[in-house]
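Protein sequence lines, in the order shown, are assigned to chains A and B.
So the first sequence is numbered by our numbering: it starts at 1 and just counts up by one.
So the second sequence is numbered by our numbering: it starts at 1001 and just counts up by one.
Be aware that a few hints might be false.
What the hints assert, rightly or not - Quick list of in silico lysine-lysine cross-link-like pairs, BS3-like style, CA-CA up to 25 Å:
no., chain 1, residue 1, chain 2, residue 2
1, B, LYS1151, A, LYS269
2, B, LYS1151, A, LYS304
3, A, LYS83, B, LYS1333
4, A, LYS22, B, LYS1333
5, B, LYS1223, A, LYS22
6, A, LYS304, B, LYS1223
7, B, LYS1090, A, LYS281
8, B, LYS1223, A, LYS250
9, B, LYS1151, A, LYS281
To be verified - Calculated from the model, a selection of chain B residues having no Cβ within reach of chain A, i.e. all distances over 10 Å:
no., residue
10, GLN1017
11, ASP1035
12, GLU1068
13, PHE1096
14, THR1112
15, PHE1156
16, ALA1159
17, PRO1189
18, ARG1252
19, PRO1260
20, ARG1405
21, THR1524
22, ASP1525
It should be emphasised that the hints constitute simulated quantities derived from the structure, not laboratory data.
We put the beta carbon where it would ideally sit given N, CA and C, even for glycine.
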Amino acid sequence: MQAVQIITYASVGIAIIAMLVKVFRYATAPEHMRWELYPVPHEKGKAEYGGSYLEELDWWTQERHKDTFNELKEMASEILLLKGVFHHNRTVWTWSLPFHGGLYLCVGWLVLLLIGGIMTAAGAAVGAGAGVIGQIVHYLTVFCGYAGLFLSGLGALGLFFWRLTDSDQRKFNSPMEYFNLVFFVAVAVVGLIAHLTLDPSFTALRAYVNSLVTAGAFNSPGMLFTVELVLMSLLIMYIPLTRMSHFVAKYFLYHSVRWNDTPNERGSKLEQRVLELLQMKVGWSAPHMHPGKSWGEAVTMDEKEANRE
Amino acid sequence: MSSHDLKPRDISKKTDQLVHIDPAELPKLPYPYDDWVDPVIEELSEAKKKKRDVSLDGVTNVDVPVPETDEEKEALVAKFLDGLRKLLSKENNWTFLQPLMLSLDNCVKCNTCSNACPIYNESGRIEAYRPLFRSDVLRRIVNKYLKPGGKLTAKFTGADIDLNWETVARLAQMSYRCTLCRRCAQTCPMGVDNGLLSREIRKLFSQELGIAPQELHADGTIKQLETGSSTGITPFALADLMEFMEEDITERTGLNIKMPFDKSDADILLIHNAGEFLSWPENIQAFAIIFEAAGLKWTMSSDLVGYDSVNYGLFYDDAQYVKVTLKHADIAKKLGVKKVVLGECGHASKSMMAIGDRTWLSESNIPRESAMVTLKDIVLNGKLKIDPERNNFPCTLHDPCNLTRAMGIIQPQREVLRKIAPQFREMTPHGVENYCCGGGSGFAIMQSHNFPQWRNMISGRRKFAQILNAFTREEIDPGVNKYVCAPCSNCKGQIRDMINYYDAWEKCHLQYGGLVEMVVNGMTDVPEGFIEWDDFH
């Protein structure tokens, strides 16, 4: 096994673990108080103006109609078109859209390479002269690869110069912000040159993925290609270790906080979870917090008595 | 260094005052305030400065005592760090841990939030008021001092802040330069919530260091839990006030209404912000007139805390907030009502219906409804006789952030106004995209030192401009009666203070009040003139 393969295995392994840790941390956080923010897109017939079920007389007697389609539509326009940035920060959107669009294509490219790698490992052909499926995988890989690398590199470059030249941004940027964008630009530039010169139809890259799937041998077509593999592997590992993996957090930010308007009902599981949380001990030091008591006790004490103590 | 060049790491600089507000740099106001120039913010006396830190901007609304020795300074910093650890622990902050972690971890520093913040923009873009500035200071402290290897990677990650007592004191002040309106969060492409972070900082100071604005804590939740109301109204005083209310209703309308208290057969428990009892009794009276005319079976409570829906804990302290809301829940349960209706108070509605929803547990989980919804049902279903011509004057609507952005109650109040006020017009923007009145998160009741001037000059400036822009030049004339409908006690307090500060009663004859006053003003079985145009209070 070659060093580059070990780097890729390690990178992917670390990335998966880091991502799982992140998801676990957010997903296992305790039930929190409601903190929704309107508009909430699943409010049927009300989302357009930011309304909620609380506008209804005796709302607790009404059946709640969730508009799942509108929520999905909102998610799609946010994920694919970056709707929020478009409306509120057009300068950023100009570069962020190609950057994110490019990244989506790159993810598709990697998936297609994996499919191609598995297909070739199973003995099926992938390429311009292969069968229908082999051709589809081939041409889609070529499209996603070049378009993805170009757009993500262009977007990252635009964002880099925006961060560099905008006086407001400069006050808040750290070296890490610049480094992250340069990293993306470097991967895109090296990847484009490596493939245009050494592997224009991604055959070698697919063979590399095949070697990873089968734990077999691999021959690099050139040094620049190997550099691309190393850079790309390191980027895959680096993303989940930084806030660039915000796509994970965004799910929770929207679904668990911003759009979480689930009302508490008597005897519900939600109520049960809150009752359990009230058993935890208070560790805050201010006297009115009644340190050492459980939350349930601390918030129900006779304050006059407690203050006299 | 100018107030516009500040970087997050400058927060720890040892200077007497980090930023200075220059009235000449504040955005211009619309007609007839084209030439208006605000006075320089009054400087605190040396004696006052010795007792409390004002090293952020020369203003204070939360008293952070100035330590006298280095040991005291170190102790303050150590305690702050302890609090920060607790803020990030499940046991101590289960109430908001997930939203806090998500907002701390995932800001991409795109600065989109800055354009949405009225305080930052109306201050002439002072860096220390920028939503990102405040949250980034907190984020950098967490990254440097609490994360493994934080100090080692500080230069690379930008966690370059020195945590000294100046940083701690200024962070406390900065958390009280935000009205928690959450307009910034609404525009954040990530969903990061700088308003939440401000509130979490406030919690840390209150729950660990015992530092909170006097109006919110000692004179707020503590007083409310002990005496029944943050206004100081005790159950005995309440009885006297009600007697006065009943007499006043008869005098003004000829109606004989007995204010119902502790009725065991009532369907509805109506809870008001007790500020209304003292400052706007006509609001309480109007509710009584409407509910009686509509034939509702309703009551109020004379129990301790039961007659005051205020819950200032919402703004700064989870325990205080839950203590108060549990009192409300117990009282509703005791009375056995079918529902609780919240009077015209945004934060009280949010505290009982949205945030507090998960603290009204088991048998105490009595349904709650906003008065906007109840009023819509009464007015639109013809339960009152209303002549809209009685309300034929220019009128605009202020949207309380807590009712709109935090609860999605947008249309009921508009539907009522469209039915009863022919000249109703919207502000721009409005509804869920509204601007805060400037008195949010407890600001409206903070009257100490030089803070009221800051509040009227800066945090309320955008709203004041919005109000003026809602009327034409002809309508702005003091000869024309005009009305700002603000269905929230705290918002009314802030609007009243702004009208006084900008002398808008004299210059524009700008009147303000709630929604119920307009409803009663239009009722044909009540004599004309419930809204008193020549009485500004």
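(request) Compare the structure with the hints numbered earlier in the document and write down the numbers of the violated ones, lowest to highest. (result) 1, 2, 3, 4, 5, 8, 9, 13, 14, 15, 16, 17 and 20
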